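Colleague: What follows is the residue order along each chain.
Protein chains: 2
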Amino acid sequence: MDAEEFRTRGRQMVDYVADYLETIGSRRPLPDVTPGYLRELIPNTAPDKGENFNNVMADLDRVIMPGLTHWHSPQFHAYFPASNSFPALLGDILSGGLGAIGFTWASNPACTELELVMMDWLGKMLQLPSHFLYSESVTGGGIIQSSSSESALMALLCARTEVIRKLQKHNPDMSKGQVLDKLVAYTSIESHSCIERAAMIGLVTIRVLPSDDHGALRGATLEKAVKEDKAKGNIPFYLGACIGTTTRCTFDNLKELGPICTDNNMWMHIDAAYAGSACICPEFRYILDGIEHADSFALNPHKWLQVNHDCTAMWVKDKDLMEGAFHIDYYILRHVNNGVRMPDFRHWQIPFGRRFRSLKLWFVMRSFGVSGLQATIRKDVSLAKHFESLVRADSRFEIVAEVVLGLVCFRLKGDNNKNERLNQLIKEDGRIHMTPSKVKDMYFLRFAICATRTQEADVNFAWDIVQAMANKVIAMSNGITNGFTKHG
Amino acid sequence: MDAEEFRTRGRQMVDYVADYLETIGSRRPLPDVTPGYLRELIPNTAPDKGENFNNVMADLDRVIMPGLTHWHSPQFHAYFPASNSFPALLGDILSGGLGAIGFTWASNPACTELELVMMDWLGKMLQLPSHFLYSESVTGGGIIQSSSSESALMALLCARTEVIRKLQKHNPDMSKGQVLDKLVAYTSIESHSCIERAAMIGLVTIRVLPSDDHGALRGATLEKAVKEDKAKGNIPFYLGACIGTTTRCTFDNLKELGPICTDNNMWMHIDAAYAGSACICPEFRYILDGIEHADSFALNPHKWLQVNHDCTAMWVKDKDLMEGAFHIDYYILRHVNNGVRMPDFRHWQIPFGRRFRSLKLWFVMRSFGVSGLQATIRKDVSLAKHFESLVRADSRFEIVAEVVLGLVCFRLKGDNNKNERLNQLIKEDGRIHMTPSKVKDMYFLRFAICATRTQEADVNFAWDIVQAMANKVIAMSNGITNGFTKHG
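Protein chains in written order, with the working numbering: chain F, 1 to 488; chain B, 1 to 488.
So here's chain F without its partners, still in its complex pose (with noise of 0.2 Å):
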């Protein structure tokens, strides 16, 4: 394919994907496949000849489109959000276009500073402390990583390899063995799974506590298993707070946390990867108070700030414990300015090379614009807050956690069987998807504002099923209740 059946074809797919976009509501959002459905539908080799383009265009349709989710359905309810703006995918098309590797600053100069200045504007936007942001600080800076899970782990490691250095630093003796014992991470019971997942590949000890009534891990919570595990002889030495859980949208109370983390020369990570991005919103800043506290911070762009795939924010307070917790020098990457003025983020992540993300973090912002941002949560959270309304007027049902963002978790009053059934009858019908959860044996489900084409209707809609499908649980358990009655 030479350039200009390039341009052909990409006017195409463009077409392809605005077409898509446009139609996604007559789609159910679910698949109807069952595992294997694709190998069936393709050859098992790769072909000797090429290919003529019209042949794997015409494969969208027949292969790719019966077993794709549609995550941005406006009946697609499930897990958080994916951002999905067409700022973003003209940034990922240019991204793609240049090619442009920028695991050194030398190896692409625009790619480390569009992403420092992109990383500062989204820093301001959310009011971070100025000892986040690059230009304002000698020591702290933001980085594009690929997920939270990465930056909770980036973020675990630092802390392990500076607990480290400290304690051999004062007990030569000691192996790094010996102190990997010792060392204690904490995180709360309904934080994502990505925190005790970096514990695991840390191979540190990790304490899983438990929320308060609200969701919230509490200072006091924390602050006792501290002192229990200190009087062990054990070393705690960080905390993966989180800010807007997967679970319910709960908050961990990081006033409470963070003076408990300074206190005990502990890490502060933030994981808000949902939730952080409504905090370009004055009103809803404050649940980020007490992250002054925090050592680093990660928010996820992709998820609720219009930017596609791959897309994390994360900044750390000393971009210094990031280069060095890993740093390899490798002659072939040597440049004049390795390190002087400018990061190499090579170091700061898990991968080595690494694509021009900013961009699409630039176009995003420049065509949004902050207020247009702000827009598009204060959207999906007064659909939340719709639905939450159309809940509460139902008596038969019970809201889970308060609604403060875009996610409603709610229940038939009674057992979880019920509420199973519920969900179950939702996923058969089809026309809606959410996925459930449970916290503390207390099975629920998620309604969660997604796509950027939600409306009101589309809530409505979704809310009738729901209640239609609560009739059919609640006849059936009176059935059954009849029944016995009968017979009994």
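By construction, these hints were calculated from the structure, which means they are not laboratory data.
Just so you know, these numbers come straight off a predicted model, no measurement behind them.
If chains are identical, the list can't say which one is meant, so a pair holds when it fits in one copy or spans any two.
Okay, derived cross-link-like pairs now, PhoX-like style, lysine-lysine, Cα gap no bigger than 20 Å in a straight line:
no., residue 1, residue 2
1, Lys232, Lys176
2, Lys124, Lys49
3, Lys182, Lys230
4, Lys379, Lys49
Given chain F's structure and the hints, the job is docking chain B onto it.
Modeller: Chain B only, in chain F's frame:
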């Protein structure tokens, strides 16, 4: 920006990319900027109101282009190639547009399933042992990772998990730290830094072993090290072998190393980031001989197989070890088919979310066909051989490592200083871009065939520059010598 505007802007961006790539030969490969150049060119906060996209487009030439390293210039001969083909770009446009995240099978069945089949297509092209293929074994399979670094790390972490599990089974009182202090990984001094870094992250000791005169890690070297470590009571558990080292494209001797790994219950991971792609040509397949002993294997289609970054192909012999190493059950992600017949790829990788990257692999393999991809490899190797013949014809130069694929490592005979000056002059001249390297205190220049646009005329052009700069170096050094003689 609505879908209609996206259709227009998308065409504009596709044309911008096509124009850029068609005229890239007119740009110097390295930008002429100093660190901090970009910050002066744009505002230091995001705009409050959204801007017209024309402003953004206008800024590309003003802000980005001056600081861009042109990896796809025919005069770019640094590092190793980064692929950038039109079919791959189309795949990425589609992947972005669909915006469906494939962390579990259910979250996007098409994503998981196409990936499995594409990894089998590619595995068959490489004549991998059938135990790596999803369709031909019960235990093996392939996945697209974001980088070779992530692959080497995941392999090391799986190996670590497994060895700890086994040891603790027989020694229940042994702590993980006690096991860790005994674990030893190995790699060659010539391998990519990602292996050493994986060990640092995994917190295990790594021994960096010497290579032979041809740059290969040999069986006897590994065997000696393993014996030494066992004699000390340590536990060898991982070898990061390298096929096509970054420094000078040398090859570890897999046939010798493999059986030693097997005999000592060590995980053999093969990092063939660059060179692996060449093995789709039968005449180069021999460099993978011995791969049947490996537990995991990775290469980068985003380097030399026409697939844009990121796309690292990784195969494992035992996918249960990958799924199980850091398995965390997560209620919200349960689906009826969890792990039944299809993997949930979130377990196999560091990040949680994942883009639909197999689309670009599919598009590339179909558009080029196996024979088309083989032709791109053969063309690059033949250009490298041509450059080698030019070097060999000039008796002032020497070739530093056998030219097997697309990299030529060479130097002026004599001391390092002369070669450092040569490199400096080429850099100052700026018409071509190469990166120097150093092995065993020998400094040399690396000439890699990178861009698909590079032709024989570009190779001749580069050689003319190298010769002209070499003339200067030699004249300078004669002048200095004469000067010393005169005044001495």
